[in-house]
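Each chain is listed here by its residues.
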Amino acid sequence: MKVLALNGSVRKNGNSEILLKQALMGAEAEGAEVEILRLTDYKIGPCQGCGLCLFRENVCQVKDDTSEIFTRVAAADGIILGAPCYFLELTAVIKQLIDRCWILSHNKIGKPRKPASVIVPYATRGWIPYIFMQANILFSVMNLTKINQAAVCTQGISEVVLDQDAIDLADRMGREIAEAIKNKDFTYRGEEGICPGCNDWLLRVLRDRETIECPTCGMRGKLRVIDGKVKVEFEERAWEERRFKLDVGYNHFTYHIAPSKDYFLRTKEERKKRTQKYKEYLPT
Amino acid sequence: MAEYLAKLRYYPGDPLEEILIDDLKKLEQQYGVTVSYEKIENREMKEGLLMENTLEKHIEEISQEIIIVSGDQRDRIADCIRAIYKKYRCPRTAYSLLGSNEAGQAVAKGLMHLHGGWE
Chain Z
1 MKVLALNGSV RKNGNSEILL KQALMGAEAE GAEVEILRLT DYKIGPCQGC GLCLFRENVC
61 QVKDDTSEIF TRVAAADGII LGAPCYFLEL TAVIKQLIDR CWILSHNKIG KPRKPASVIV
121 PYATRGWIPY IFMQANILFS VMNLTKINQA AVCTQGISEV VLDQDAIDLA DRMGREIAEA
181 IKNKDFTYRG EEGICPGCND WLLRVLRDRE TIECPTCGMR GKLRVIDGKV KVEFEERAWE
241 ERRFKLDVGY NHFTYHIAPS KDYFLRTKEE RKKRTQKYKE YLPT
Chain P
1001 MAEYLAKLRY YPGDPLEEIL IDDLKKLEQQ YGVTVSYEKI ENREMKEGLL MENTLEKHIE
1061 EISQEIIIVS GDQRDRIADC IRAIYKKYRC PRTAYSLLGS NEAGQAVAKG LMHLHGGWE
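Residue numbers (our numbering), protein chains in the order written: chain Z, 1 to 284; chain P, 1001 to 1119.
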């Protein structure tokens, strides 16, 4: 049983690393072999949008360290992600990694899911609206099931060591991951959110001003205020149609992306003709 | 040949509800346009999923449902397409209007951002 911690902070011995190491200590106490990886120590280049990974399985033209990260994630039985929130969301390396995960879309079918948790140190309350959205996306594209999430208010460098509650929480989250692996129980253990799929609190209002959507998983419903409390009544089919469900993801690739090859070939000459003036204007 | 011809291509999982010919007939009568329907099904059950290799196929050959709206009056065409989008949502992909004529495509595309159900 191996638990891998992914650190999305560039800081050595910073709050993210401390919380992740405490979580790994907890997992180790439950019998796990542990490993930590600082994402910024690896070269993760931007996705080139070339589509090669979609059209030819397991081929990425960006030659960097991303495939090594994927290999280590694949070798682990559970993942703990830690990343600071500097400006409303997680650090850029997390997004960079998410964009590179297209190549994993071929490998989900028939593969078992693994448990994952996320812990986010941040400084100012009210400045963290998107932190779990990014973690949810990363976990979904990596075929991981989130079992817990936590945000820890702590400001200065390594300051989190002064917060015993946060240290205990990280330790517990690490133990939970190990237990989840052992028991094959990936039940969500954290605080419930307004979206039952993501357990996040983000909602998006569609232009019809009637439909509410979880922007991450795409589950839809209607907003209700019951006894003064906002509630979303999700449609019955919403759970079956959530964005990262295996068959929905498969359909997205098969019908929304793969046929673009035919469209690309059909429009090739016309595109070439119309693109010329942009090539000539302010050449880069 | 009708002045406006719009082919609305819905792929598996796209329409908000099942597309029924009876419902399309009602729209046809209500808006005074011609509405027809075509279904292509090429999926096979494999590994617990309905699967299809679409990479090497032409767009017209892959599994899809096509609602074809045609007529000579722009307002009627637009109202009918708007009702279709409201009922099923608009088609999602950049190539989902393939096969439409220029006038039909302009109407169908123009309404997507207003009543698409995606935004």
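Keep in mind the hints are simulated off the structure, nothing from the lab.
We treat Cβ as the ideally placed atom computed from N, Cα and C, and that holds for glycine.
Treat the hints with care, since some could be wrong.
To be verified - Derived pair list, reagent style SDA-like, types lysine to any residue, alpha-carbon separation capped at 25 Å:
1) Lys272/Z <-> Gln1105/P
2) Lys108/Z <-> Lys272/Z
3) Lys245/Z <-> Leu1049/P
4) Lys1039/P <-> His252/Z
5) Lys95/Z <-> Asp64/Z
Stated by the list, open to error - Stretch-level coverage of chain P by chain Z, calculated; a stretch enters the list once three of its residues show a Cβ under 8 Å from a Cβ in chain Z:
6) 1019-1033
7) 1068-1082
8) 1085-1096
9) 1106-1112
Results of checking the hints against the structure:
1. Lys272/Z <-> Gln1105/P: holds, 22 Å
2. Lys108/Z <-> Lys272/Z: Not satisfied, since the Cα-Cα distance of roughly 36 Å exceeds 25 Å.
3. Lys245/Z <-> Leu1049/P: holds, 12 Å
4. Lys1039/P <-> His252/Z: Since the Cα atoms of Lys1039/P and His252/Z sit roughly 19 Å apart, the hinted pair holds (cutoff 25 Å).
5. Lys95/Z <-> Asp64/Z: holds, 16 Å
6. 1019-1033: Answer violated; 0 residues pass the 8 Å Cβ test.
7. 1068-1082: Since three or more residues must qualify, the claim that chain Z covers the stretch 1068-1082 of chain P is violated, with 0 doing so at under 8 Å.
8. 1085-1096: holds (count 4)
9. 1106-1112: violated (count 0)
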